[in-house]
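Trainee: Here is how the chains run, residue by residue.
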Amino acid sequence: MIRITNVRVELGGSPVIRDVSVEIPAQRWLALVGPNGAGKTTLLRSLAALVAYDGHILLDDRDVRRMRRRELARLVAYVPQQPQFPADMAVGDYVLLGRTAHLRPLRAPTSVDRDICAAVLTRMGLMTFAQRRLGTLSGGERQRLVLARALAQQAPVLLLDEPTSALDLGRRVDALELVDELRLERSLTVVSAVHDLTLAGQFADTLALLEHGQLVAAGSPTEVLREEVLGRVYDTTVRVIEDAGQLVVTSQRWGSWAREEIR
Amino acid sequence: MTASLPVRRQRRSATPTAATGKGSRQVGLLPALAGAFALLVVAVAIGLSVGAAGLPLGTVWRAVANHIPFVPHPKVARVDDAIVWQIRAPRVVLAAIVGAMLAGGGATYQGVFRNPLADPYLLGVAAGGGLGATAIIVSGGSTDLLPIAAFAGAVIAVALTYALGSTARWDTGVGSPAVGNISILLAGVAVAALFTAMQTYLQQQHVTTIQEVYGWILGQLTLASWSDVGMVTPYIAVAAVVLVACAGRLDVLRVGEEEASTLGIDPARLRLILIAAATLGTAAAVAVSGLIGFVGIIVPHTVRLTTSASYRVLLPVSMVAGAAFLILADVAARTVQAPAEIPLGVVTAMLGAPFFLYVLRSRRAREALS
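The listed protein sequences derive, respectively, from chains A and B.
Its first residue numbered 1259, the first sequence is counted upward by one per residue in the working numbering.
Its first residue numbered 12, the second sequence is counted upward by one per residue in the working numbering.
These are calculated hints, taken from the structure and not from any lab test.
Take these hints with a grain of salt, some might be off.
Pair by pair, the computed Cβ-Cβ distance ranges are [claimed, not checked]:
1. A:E1329 / B:L368: 45 to 51 Å
2. A:Q1340 / B:G152: 40 to 46 Å
3. B:A204 / A:L1427: 24 to 30 Å
4. A:R1490 / B:R372: 30 to 36 Å
5. A:R1326 / B:A204: 51 to 57 Å
6. B:P245 / A:R1326: 49 to 55 Å
7. B:R372 / A:A1284: 52 to 58 Å
8. B:A204 / A:E1435: 26 to 32 Å
9. B:I98 / A:M1325: 56 to 62 Å
To give a feel for the contact side, a few chain A residues facing chain B, derived at Cβ under 8 Å [to be verified]:
10. A1306
11. M1325
12. R1328
13. P1338
14. P1341
15. P1344
16. D1346
17. M1347
18. D1351
19. G1356
20. T1358
21. A1366
Cβ coordinates follow ideal geometry from the N, Cα and C atoms, glycine included.
With the rest of the complex left out, here is chain B:
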């Protein structure tokens, strides 16, 4: 047998012709990942270098080198080292982790629900996290408890959504009563509305803390520390491994759940695994960063439009690009009005809203929604 289907990395060199199809625009995994990693390196460099202290680039790099094992440790002033390693570095790393998770979660939900406008907060993570955080803030609880409460609220909200949605029975009209995406989505709407109402009620009853609650809701990484990084990394690492490992299965779901099942997939099981992993990671991200919107929509769609619609490419590349995007957004959040900071959610939304409208008007979105 001599003929073989080309592997993805060969496709970039393919010239679009009548035979290959006008605008086939498929970029393989390796070139796409290489591009995203290059962007991430630049973003990390900017994130570490830019700040109120105005440190020279050389000082920044010497401070970083000081903490890398097996390389010579140059001399750096203790205060400069602290600025770079204790203030900027954890913030950059946390932004990268959170951005990767939000972008990966968004791409996953778009695949699971076959909806280009799905984001990682779709099933109630935001409402549940918001309620948990608000409960701690208004009750005057320790701020150490805030991430735990937000995480717990987010997980409880999605678990409730899934439990209610997956026990609802729909007669599909073509087969046995099926547990469908629609019932889960509708349950998500109901649970989010309930949790948001409870959060709003708490907020209204404690107006003195309203600014603090809003500060959390709009998302921020101001107080990022290495302990935050250590806290969320295990959850997000597990979630990322599961999502990337299942990326190929998401491609099968693109032909619909019924066809996917005739191809050898158990759609309900796959959906449960992906929702559980995305929820775990997103809830951890929300716990330390608050609600940062639009990353889960902007990044996957940009990757989809510029590289490939295949989730084998889209998912890992979105995670790397999401990391870079949130680092840069955070740089903007802390420098545009320095020394004041703009909430990170405001920055991503200001970039995201116009893009969201563009996606809504795009042909691909119309095709996917039709």
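In isolation and in its complexed conformation, chain A is listed as follows:
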């Protein structure tokens, strides 16, 4: 269980997150949604203790700020929006970085660590790439690889910042299906920042809609993905269509009739 209570973050003197409170039950998927600048990434970074904040973030009743980095990395794996991939690092070595928090001080990875990484690479379909250098991988392969590194951490909480931003539509669905399968397989709690509202509604159990750093709505996809709320928050005309039991969120283009009316 992750409990976020009255969290407030200021960057450069300006509030970016304002008194956000939300609870995420274990093994569930919470998607943070909202327009650009709403504070999705900052809230995720707060969960990873990467930014200073007021309020409380408790992970199983333990304050994440009070944990040592090594301890937190065993509980929370974070996939940033733009991970860094040293071009000359081998894929296998990159995934082994995920074992850092499990290594004994000043010790090299053991055969157990290598086995765990090999299993993760196999699960992600990347084992044949183990000795390739990162500079030779495609965007989709990199996306899976950074997920593999996070899984190698064996942390029960997975934070994903726009995990599919670099992928085409087909690969986006594949990647999120994979996250969902892994969540169920490994009993993970997933918190992700997602731009695509349709995908967020299809995969997450709960959505938290942010606007200007404030929590505007939280609940199931049907509770949050409502035309009037989204239209106001995104400042555009939004259609929410139910199709085969799933919600599809689209924006409506300003047609020539609208332009005429403005004139």
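Chain B: place on chain A using the hints.
Mentor: Relative to chain A, chain B alone:
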């Protein structure tokens, strides 16, 4: 579970294929270390054998054997023994220790600052050591004090850089005010400029000693003795152990400080430990050898390009290769214009400058700098 990631020593046999990646060029720690040690053995043999006295190889080896416990001690003329053991051997050993430290320090700074062009003098060791040495030379102080003053100057300069750099606050724009590499680097530039200006001022005020000051600045091992070896070994040994022990952590830093912290590293603490160890060792090296440039850049990059970019391999192998390189450079320094000696810093720079340009133009440097 049957699958496992291959350990590094198995990689050399891996054939680069479409699956393994074209040019993956990863050499494991053991083969790379074996190669570097082989080079070191050859360098030591050349270093002990080559000199003005023109001693036969057999005499050299008998003189060496005379000082190795638990082996038969053959007869050697006292003068030959003195040439080999009192003149050449300490010089070779000191060159090895200094070369290892400079190469290890360079590799460490390149990892900590994620900058392929960083060298062990980056944070003011050279400027501080130079000021300390110059102060002793121009004041006519005992030459025994010169290494102590150079060591103290180097340590003070880096401590000042770190203190000023780490108290500067930067708003990263994405999080809380962070202490960053940039502020430390900029503080290093400022401190080095200040110390260099003070050294230049002292130099200009005492022009009669300018040749002596330049002799020290350009680096030399002419007066190397076993007492020098004994003096620097504890510092450099401690530094080397810390750097090699932290090599795996440097690999984690390669993905950036923020990602490294989410993987379980405390980047600021690691940086402090590595800078402290590298400074301690480099300052000790500078104290006995003066300022020998380029070793910290040439050697790690050569190792990186020929073995592996992983610091678990790069750091220890660079130290062994650095030892071999400086022994050979010193042989060149004392033989090319014998009986005169070329300053060691000139030899390493003449080899290093073209290599430096090559590194600057390399794809890897561009990737790392981008």
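Trainee: For each hint, tell me whether it holds in the structure or not.
Mentor: Hint-by-hint comparison with the structure:
1. Against the hinted window of 45 to 51 Å, the Cβ-Cβ separation of E1329 (chain A) and L368 (chain B) comes to about 46 Å, which satisfies the hint.
2. Between Q1340 (chain A) and G152 (chain B) the beta carbons are some 55 Å apart, a value that contradicts the proposed interval 40 to 46 Å.
3. Remark: the range hint 24 to 30 Å for A204 (chain B) to L1427 (chain A) is contradicted by a beta-carbon distance near 55 Å.
4. The supplied range of 30 to 36 Å is broken by R1490 (chain A) and R372 (chain B), whose beta-carbon atoms lie about 55 Å from each other.
5. Look at R1326 (chain A) against A204 (chain B): about 38 Å separates their beta carbons, and that is not inside 51 to 57 Å.
6. At about 32 Å, the beta-carbon gap between P245 (chain B) and R1326 (chain A) misses the expected band of 49 to 55 Å.
7. Between R372 (chain B) and A1284 (chain A) the CB atoms are about 53 Å apart, so this pair conforms to the stated range of 52 to 58 Å.
8. Checked against the given bound of 26 to 32 Å, the beta carbons of A204 (chain B) and E1435 (chain A), roughly 57 Å apart, lie outside it.
9. At about 58 Å, the beta-carbon gap between I98 (chain B) and M1325 (chain A) stays in the expected band of 56 to 62 Å.
10. Proximity of A1306 (chain A) to chain B holds as hinted, the smallest CB-CB distance being about 6 Å (cut-off 8 Å).
11. A cut of 8 Å between beta carbons decides the hint on M1325 (chain A): the least distance to chain B is about 11 Å, and the hint is violated.
12. Using the Cβ-Cβ criterion of 8 Å, the hint placing R1328 (chain A) at the interface with chain B is satisfied: the shortest such distance is roughly 4 Å.
13. Here the hint on P1338 (chain A) is kept, as its CB sits about 6 Å from the closest CB of chain B, short of 8 Å.
14. Interface hint status for P1341 (chain A): upheld, as the beta-carbon distance to the closest one in chain B is roughly 6 Å, under 8 Å.
15. The interface hint given for P1344 (chain A) is met, as the beta carbon of that residue sits about 5 Å from the closest beta carbon of chain B, less than 8 Å.
16. A hinted interface residue such as D1346 (chain A) counts as satisfied when its beta carbon comes closer than 8 Å to some beta carbon of chain B; here the least separation is about 4 Å, so the hint holds.
17. With a cut of 8 Å, the hint placing M1347 (chain A) at the interface with chain B holds, because the nearest CB-to-CB distance is about 6 Å.
18. Annotation: interface hint on D1351 (chain A) holds; nearest CB of chain B at approximately 6 Å, less than 8 Å.
19. With its C-beta approaching chain B no nearer than about 7 Å, G1356 (chain A) sits inside the 8 Å limit, and its interface hint holds.
20. Because the closest C-beta pair between T1358 (chain A) and chain B is about 5 Å apart, less than 8 Å, the hint holds.
21. With 8 Å as the threshold, the beta carbon of A1366 (chain A) comes within range of chain B, its nearest partner Cβ sitting at about 6 Å, so the hint holds.
Of the numbered hints given earlier, the model fails hints 2, 3, 4, 5, 6, 8, 11; all others are met.
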